[in-house]
Each structure stands twice: as structure tokens, then as C-alpha cells.
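Undergrad: Following the hints, complete the assembly by docking chain B onto the known chain A.
For reference, the chains in residue letters:
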Amino acid sequence: AQSVAQPEDQVNVAEGNPLTVKCTYSVSGNPYLFWYVQYPNRGLQFLLKYITGDNLVKGSYGFEAEFNKSQTSFHLKKPSALVSDSALYFCAVRATGFQKLVFGTGTRLLVSP
Amino acid sequence: EPEVTQTPSHQVTQMGQEVILRCVPISNHLYFYWYRQILGQKVEFLVSFYNNEISEKSEIFDDQFSVERPDGSNFTLKIRSTKLEDSAMYFCASSVSPTKGALVDTQYFGPGTRLTVL
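Chains A and B supply the protein sequences, listed in that same order. The numbering of the first sequence is the working numbering, which starts it at 86 and goes up by one. The numbering of the second sequence is the working numbering, which starts it at 2 and goes up by one.
Here chain B stands alone, though its shape is the one from the complex:
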């Protein structure tokens, strides 16, 4: 069964450094998402991406964050200057299509990248 994959599984970085988290969505999916889960807290939506554009973002997704689909398979989240509070598990997800009339598709999640900012 196709799965969303993410690399690396664990990333340790120094405060102020840039990190790039990578995801390979399911191959026929068109919509891509990033969520994060700070330890002990809820899973929170960051951003959704379709047709090379951000289609929805949360207030968390400020100017330090960016997303890109650099080729036909990868989807990346860049954090420009990491802060201590960016330490979290970051989940990538993909779906065939979001709400379209009565059709609501399912978001399938990857295993996550644990980001630790020191």
C-alpha cells in the first residue's frame, strides 16, 4: 500500500539555523499538507499546498516558514531561522483532493520528523 514518507526521522539543529524537512507524498495525490505536534500538545495544521501554491495556512505559518515542491515527487518545509519553540514532530500529509461538493478526501500522514532545536 502506498505511503507518505518523510526524511529525516530526527533532525537536531542549533537555534537560528535553517532546516529543510522532506516528504514524498503518495504518487497520485495532488494536495499536500504540513502539520506539527509539540510534545504533549495537539496536532496543529500549518499549511496546505496545491498546484504549486499555498491554498490555506494557519497563523503559525509565518514568514519563517516556506514550502516547495522542487520536483515531481518531493514536498519540503523550510524553517529559515529556527527557534526553540519550533521543536516538535512535523507531519506531512497528502490527499487526492479536498472538499469538492460532497466528496471529501482523506489526508494520509507520514511517520513524522522530530525536530529538536537546541
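If we strip away everything but chain A, and leave its shape as in the complex, we get:
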């Protein structure tokens, strides 16, 4: 069965500093990995995905994520955080042959001015 772990409930970072939101996964076969962001009273907005190929994936709003097969990780990163990046971030995995996304518990990112 697929699973995702987001070990940090909350990440605090100062504006302008780099940020990392951690995600590890467990899945049989090749993983398809996704990051979504949720702002208050909004739905889940797609940020980026890893399917195959280059381990560094670039997405919306300057975010990127690095797939590491040996560590089964897919950490979300941004070189310079903005206050407007403050939101709830979800990592998700989809296994080959399945349609469902399995989500992590989410990490709240707080960027202070």
C-alpha cells in the first residue's frame, strides 16, 4: 500500500531565506509524486509533479522538488521564501496502475517578514 510521511507539522522561515518542506513516500513500483498547496478557504492547488526523468522538478511560483529514489524522498524547496508562500503544503503519491492520490498529513509553512 502507498503511504506518504510529512514529518514536520510546521516549518517556520524568514522571508528571503531558503525553505524546505520534507516528504518521504512508500510505494510498490515506480512512484508518481505530487505537491499541492492549500490556502485558507481554497482548494488544493497543484504545484509540481515527478513522473520520470530529471530528479529536479520545477513548478509554479518558483518552487522545485528533488526526487531521491534511494532515500524515497521528494522534498519541496524554494530558494527565497515570500510571506505569501505561507500556506498548507501536501505531498501525494500515486502508484502505477492506480488513480488515487495518497496524501501526507500536510505541513504548514509560515514565512515571517
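It cannot be assumed that every hint is accurate.
[What the hints assert, rightly or not] For the chain B half of the interface with chain A, some residues (derived, Cβ under 8 Å), not all of them:
id, residue
1, 88
2, 92
3, 107
Just so you know, the hints here were simulated from the structure itself, not pulled from any lab data. Nothing here was measured: the structure is a model prediction, and the numbers come from that model. Heads up, the beta-carbon is just placed ideally off N, CA and C, and yes, glycines get one too.
TA: Relative to chain A, chain B alone:
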């Protein structure tokens, strides 16, 4: 940019009543999904739907739940006899196509319907 829309944004109902949650997927999408998020918990998959059939469902999606695409634009989730534990945020999503060989499409989510069962 096209978006998934959901109505109502908030639904309050009495235990035992039937509710229908409505979604309008992105217009050229072929696959439709429902997820739910109980307050403070993970987002959980309920069901996926393609070509007027359920293509995948979770153990949560029991006989009290049903889905339908009644016309060319709407996609609905019906809960026949609501229970207190059905209180959650329900998200609809759509995608062009799921896994097909090396192509894995993205699921785009609506803003959700908050269901409160009293």
C-alpha cells in the same frame, strides 16, 4: 484559467438525511474524483469515475455513497443517509487522463464543500 467548481460551499444537514454535493469539472477532462478531508486529518480518496462508471473506489466508499454524471457538465456525490462521521470537507477533482504508459496526468481540485452533519 479553467477551474473545477463546487456547490454549495457549505452544507448543513441532519443525521439520516440525504445530501448531494455538486461539482463542475474542467470542460475537456474525462476523469473525475471525490476526496474528503475530515477536520485535522489527511485528504482521503473516495472514488474515481470515467466513462459513466466507477473506475476505482476506496473502502470508505460504501453503499451509502454514490456518484453520477447526470449531464455533460455536472458530477455529483450523493450520501444517502448521513452520519455524524460524514462531516468533512469534500473535494472534487478532474483530470484529462490517468496513468497511460508514461503519461500521468494531474488532478485539479475544486475549492471543496464543507459538509456538517448535526
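Undergrad: Against each hint, give a clear statement of whether it holds in the structure.
TA: Against the structure, the hints:
With 8 Å as the threshold, the beta carbon of residue 88 of chain B stays out of range of chain A, its nearest partner Cβ sitting at about 17 Å, so the hint is violated. Hint status for residue 92 of chain B: holds, given a least beta-carbon distance of 6 Å to chain A, under 8 Å. A least Cβ separation of about 5 Å between residue 107 of chain B and chain A falls short of the 8 Å threshold, and the interface hint therefore holds.
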